[in-house]
Amino acid sequence: MDKVLFGDNQFFGVNHMSEEKSRAQSMRFRDTQAMIDVLDMAYEEGIKSFMCTTHDRTSEICDYFRSNADRYPDYQFYPGMPYAHKYANAVTDDGIVGAIKKFLPNDGLIDAVMRGGSSLAKKEIDGIATLLIDAEMKMFEGLSTPVIFLQNVVTDFLLGLGMKDAFRIFADHIKLKYNAEPGFITMNMPRLLDVLEEVGVENPIICANINQLGFRMCGGVELYNQTLEQRQFRPIAMSVLASGAIPPRQAIEYVSKLPKVQSIVFGASSLGNIRQTKALIDEYMNR
Amino acid sequence: MIKVAVVGLGKMGLSHQSIINMHPDVELTAVCDSSRFVLDMLEKYTGVSVYTNLTKMLEAEELDAVIIATPSKLHGPMVREALESNLHVFCEKPFCLDTDEGIELTKMAEQKGLVNQVGYHYRFVGAFQEAKRLIEAGAIGDVTHVKAEAYGPVVLKPSGSSWRNKRSEGGGCLYDYAAHPINLVNWLFGMPDSVGGAVLNKIFSMDSEDEIYATLRFANGLSGQLSVNWSDESYRRMTTIITLSGTHGKILVDRQECKLFARGEEKVPDGYEAGWNIRYTTELSEPVWFYVRGEEYSGQLDYFVQCIKSKQENNINSFASALQTDHVMKMLITDSERVPQDFSSTDIQQHKANESWWQRLSGKS
Numbered sequence: 001m002d003k004v005l006f007g008d009n010q011f012f013g014v015n016h017m018s019e020e021k022s023r024a025q026s027m028r029f030r031d032t033q034a035m036i037d038v039l040d041m042a043y044e045e046g047i048k049s050f051m052c053t054t055h056d057r058t059s060e061i062c063d064y065f066r067s068n069a070d071r072y073p074d075y076q077f078y079p080g081m082p083y084a085h086k087y088a089n090a091v092t093d094d095g096i097v098g099a100i101k102k103f104l105p106n107d108g109l110i111d112a113v114m115r116g117g118s119s120l121a122k123k124e125i126d127g128i129a130t131l132l133i134d135a136e137m138k139m140f141e142g143l144s145t146p147v148i149f150l151q152n153v154v155t156d157f158l159l160g161l162g163m164k165d166a167f168r169i170f171a172d173h174i175k176l177k178y179n180a181e182p183g184f185i186t187m188n189m190p191r192l193l194d195v196l197e198e199v200g201v202e203n204p205i206i207c208a209n210i211n212q213l214g215f216r217m218c219g220g221v222e223l224y225n226q227t228l229e230q231r232q233f234r235p236i237a238m239s240v241l242a243s244g245a246i247p248p249r250q251a252i253e254y255v256s257k258l259p260k261v262q263s264i265v266f267g268a269s270s271l272g273n274i275r276q277t278k279a280l281i282d283e284y285m286n287r
Numbered sequence: 001m002i003k004v005a006v007v008g009l010g011k012m013g014l015s016h017q018s019i020i021n022m023h024p025d026v027e028l029t030a031v032c033d034s035s036r037f038v039l040d041m042l043e044k045y046t047g048v049s050v051y052t053n054l055t056k057m058l059e060a061e062e063l064d065a066v067i068i069a070t071p072s073k074l075h076g077p078m079v080r081e082a083l084e085s086n087l088h089v090f091c092e093k094p095f096c097l098d099t100d101e102g103i104e105l106t107k108m109a110e111q112k113g114l115v116n117q118v119g120y121h122y123r124f125v126g127a128f129q130e131a132k133r134l135i136e137a138g139a140i141g142d143v144t145h146v147k148a149e150a151y152g153p154v155v156l157k158p159s160g161s162s163w164r165n166k167r168s169e170g171g172g173c174l175y176d177y178a179a180h181p182i183n184l185v186n187w188l189f190g191m192p193d194s195v196g197g198a199v200l201n202k203i204f205s206m207d208s209e210d211e212i213y214a215t216l217r218f219a220n221g222l223s224g225q226l227s228v229n230w231s232d233e234s235y236r237r238m239t240t241i242i243t244l245s246g247t248h249g250k251i252l253v254d255r256q257e258c259k260l261f262a263r264g265e266e267k268v269p270d271g272y273e274a275g276w277n278i279r280y281t282t283e284l285s286e287p288v289w290f291y292v293r294g295e296e297y298s299g300q301l302d303y304f305v306q307c308i309k310s311k312q313e314n315n316i317n318s319f320a321s322a323l324q325t326d327h328v329m330k331m332l333i334t335d336s337e338r339v340p341q342d343f344s345s346t347d348i349q350q351h352k353a354n355e356s357w358w359q360r361l362s363g364k365s
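Protein sequence lines correspond, in order, to chains G and Z.
Taking my numbering, I'd label the letters of the first sequence as residues 1 to 287.
Taking my numbering, I'd label the letters of the second sequence as residues 1 to 365.
Worth flagging that the hints you see were computed from the coordinates, not collected in a lab.
All residues carry an ideal CB built from backbone N, CA and C; glycine is no exception.
One or more of the hints may lead you astray.
[Said to hold, decoys possible] Stretches of chain G that chain Z covers, calculated by requiring three or more beta carbons in the stretch to come under 8 Å of a beta carbon on chain Z:
id	segment
1	6-17
2	76-90
3	93-102
4	151-161
5	185-193
6	211-225
Could you build the full structure based on these sequences and the hints that come with them?
Given below as structure tokens:
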């Protein structure tokens, strides 16, 4: 895995601190070209991995990198699926069954399954899940996707419900069909790791908030530190700056001293911020 | 262990189930919904007991509490059934479409000494809690005006109807969206004496309003303005904003941040200075034991559990407090249906002003 992954929150107006900043970002990145310009800046600084949500607009970025493959021979996508708002809105409009139908290829499978009126077999539910994954992955066809993530809202929702097998289904399908590593984004790292071990997902890639403030680190800083020290997994740190609440140098120095953390994902919109954060990661994480 | 069941497995019900299932003091005993598909999935993958009928579930399971997240028009009868079975009740908002029924159920819960809570989660958002604390500490002096807004992208085109966009079933922008800012105003200032100028307009929906504008008037001269639109795609997700003007300053608060402008003539609260101050959600959020989609969703359910454990009365978001919001919504509907006074005059031009020469020339109108 690359040491530095470039995140995409800024492109879609996701800001955990301020609605005003969110709106300013939405305005700035109205055009896909504006996003590509920032990705280019990051690329120039040596950041060649883009961790992105399967937002509708990500497909436009994918189109660009597909048609300019020779300019970015070593570029990698780390998709995170799904873009949860898309599903949440669909559930509101059409109910759960309607929402699932909406995102599935129209091959009548779910209709056939639902029409039966009888209980669904696990196998059928598994089938629906893998079809949903394929629908999300479509936009990345022909691009390199070494790690494919389940987004935190979904990971944590399934974790809460106790649908443990879902993680196994996801992991197996990602390995088998995409020849990629499954990854899991979460705000509940220690608990998720318990469950992944339980269902046999070994040495998992887990992307979680890791910051000095303990911001959205359920279980607390101490348990996170213990988990990092004692357990077998591959952590990626996100929200290292706690949405800007911690100064960059302090934040990255802190994370660099934690065991096992090999990669940091961060998002930024300006060359100054990209350059500064990348330089700090190089300075502290190279030991 | 407190034994809890969830009734109604839509977006909110499933989210509650996911959060409460992880609570260290709770055993999620059963779930109930009318969709066989959802029940099948939960039964096969989590092993939880599933029911399609509330009465049967209440008969068969030994429970302490239920979370009710069914379509709004079912809240009344289902809350009643749960209270009759002596269960503590967490009910999704809005509480009751029929205010008289709401009053009855509130009395019933209080008489039985059962914890009763409604899911107005904004009261558990750190930034709104901070705003309330600041107002009570007199940080902006006497509040003269409150602007309560909510915007978001829910209904963006004419579309098939579900209960969510039928007001008769408890859907629509008023019950779904406006309920939140109204509830926050109730939390800060109680009940308005009257409402006026209520506009409940359709944009895309057939059977409900999509936007609401109204004036609220309070006894002590405080006025309020309500502005809500759930057909506003310029927002990525629901955004609720409260703006408060006072004799000593101003507060702007949303889920992410609480901004105080202190004029500095009076004592400014500890940690704040004269001029603009910003506190972010990152510093205002209390850590939660399990996070799915926002600290406030975990926070309100933990609070419900703690209230059951400590037998607390007069809890935050009690039925009684949610009734205030139900009642304001009823006032708004009544006001909006009032026939406006006729001021039309044949002496006053009724159409828009004439086009300017430039508009005519450029073909723009």
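Taking the hints in turn, this is what the structure says about them:
1. 6-17: The restraint on the segment 6-17 of chain G holds, since 6 of its residues have a Cβ under 8 Å from chain Z and three suffice.
2. 76-90: Check passed, 3 qualifying residues.
3. 93-102: Check passed, 5 qualifying residues.
4. 151-161: holds (count 7)
5. 185-193: holds (count 3)
6. 211-225: Result for this restraint: holds, n = 8.
In summary, this structure violates none of the numbered hints.
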